[in-house]
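Undergrad: Could you build the full structure based on these sequences and the hints that come with them?
Protein chains in written order, with my numbering: chain F, 1 to 152; chain H, 1 to 144.
Hints listed in this document are in silico derivations from the structure and should not be mistaken for laboratory results.
Glycine is no exception: its CB is placed at the ideal position from the N, C-alpha and C atoms.
To give a feel for the contact side, a few chain H residues facing chain F, derived at Cβ under 7 Å:
1. 12
2. 80
3. 114
The lines below spell out each chain.
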Amino acid sequence: MVPPVRHLLRAKDLADGYYFEPLTVSDLARAAGLSPAHFSREFRRAFGEAPHQYLLTRRLERAAALLRNTDRPVTEICFAVGLTSIGSFTTSFRRVYGLPPLAYRESFPPARRLIRIPLCMAQAYGRRENRTFREAGPTETSLTSAGTKEER
Amino acid sequence: MIKFANVQFWVHDHDAALAFYTRKLGWEVRADTTVEGWDFRWLVVGPPGQDEIGLVLMKIPGPPMLDEATSAQLAELVAKGVGGTLFLETDDCQASYDELSARGVEFNDPPTEQPYGIDTSFRDPSGNNVRLTQILEFSLDRGR
Numbered sequence: 001m002v003p004p005v006r007h008l009l010r011a012k013d014l015a016d017g018y019y020f021e022p023l024t025v026s027d028l029a030r031a032a033g034l035s036p037a038h039f040s041r042e043f044r045r046a047f048g049e050a051p052h053q054y055l056l057t058r059r060l061e062r063a064a065a066l067l068r069n070t071d072r073p074v075t076e077i078c079f080a081v082g083l084t085s086i087g088s089f090t091t092s093f094r095r096v097y098g099l100p101p102l103a104y105r106e107s108f109p110p111a112r113r114l115i116r117i118p119l120c121m122a123q124a125y126g127r128r129e130n131r132t133f134r135e136a137g138p139t140e141t142s143l144t145s146a147g148t149k150e151e152r
Numbered sequence: 001m002i003k004f005a006n007v008q009f010w011v012h013d014h015d016a017a018l019a020f021y022t023r024k025l026g027w028e029v030r031a032d033t034t035v036e037g038w039d040f041r042w043l044v045v046g047p048p049g050q051d052e053i054g055l056v057l058m059k060i061p062g063p064p065m066l067d068e069a070t071s072a073q074l075a076e077l078v079a080k081g082v083g084g085t086l087f088l089e090t091d092d093c094q095a096s097y098d099e100l101s102a103r104g105v106e107f108n109d110p111p112t113e114q115p116y117g118i119d120t121s122f123r124d125p126s127g128n129n130v131r132l133t134q135i136l137e138f139s140l141d142r143g144r
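TA: Next up, the structure:
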């Protein structure tokens with residue numbers, strides 16, 4: 001018997017795989033085969049955070065990767081990760097990563113921006129929890145990996 | 001010299017796993033031995049063309065191997081997708097994606113360009129993660 005949480009994993013996978021689409025919590029609920037209200041409760045119980053928080057922090061994690069790894073403009077990156085408002089992108093990025101997007105990019109010397117690890121690992125370990133308070137300053141761990149660069 | 005022989009995934013249901021890896025992925029059965037008295041089945045599958053490495057599909061055991069609570073915890077963890085990842089290579093990610101999709105594999109993400117190549121991923125029925133990568137010469141200009 002496969003535990004029912006397997007269905008919630010489909011919702012998480014949808015957020016991880018299609019964050020760049022205009023996904024909503026309703027879409028995630030549909031992937032899990034649950035009503036939105038029931039889904040949000042169950043997702044939180046299984047994975048420790050609300051589905052909209054998970055989706056947002058996935059999008060921010062991908063935005064952070066694009067800021068580190070590319071020279072694409074912030075506006076373009078915002079839309080590329082499925083977010084639609086530059087203002088709220090900047091606000092939530094700063095709250096979660098401790099710096100506004102451009103300052104975050106500048107805090108990574110080019111040679112240290114890129115680490116060679118598979119995408120799924122970058123997604124799993126690079127994502128940060130959403131924060132409620134703004135107490136935190138820049139805390140990004142320096143991404144060094146013994147002289148290598150870029151993701152693989 | 002030490003080499004990989006078999007690697008192992010925990011699965012919830014042998015038959016569902018076997019159907020997935022053979023019918024949908026198109027893999028071969030390398031071993032399928034049931035020890036009646038032990039309620040144990042040694043089930044090994046692998047991709048055609050790579051005979052020397054197999055994937056052991058091991059059913060999550062109950063007592064006396066694992067007590068009920070531990071067995072339930074393990075089953076829950078695997079279904080949550082934290083059982084582990086199998087990293088596979090292909091020489092053509094898009095072609096593999098198309099072929100496996102047509103056979104019913106549901107991918108998590110479309111083939112995506114990365115500096116290290118092109119890759120995509122899917123899960124087996126239990127929730128184990130499988131990453132499928134076409135390795136290309138490393139390039140910072142890819143996947144931007």
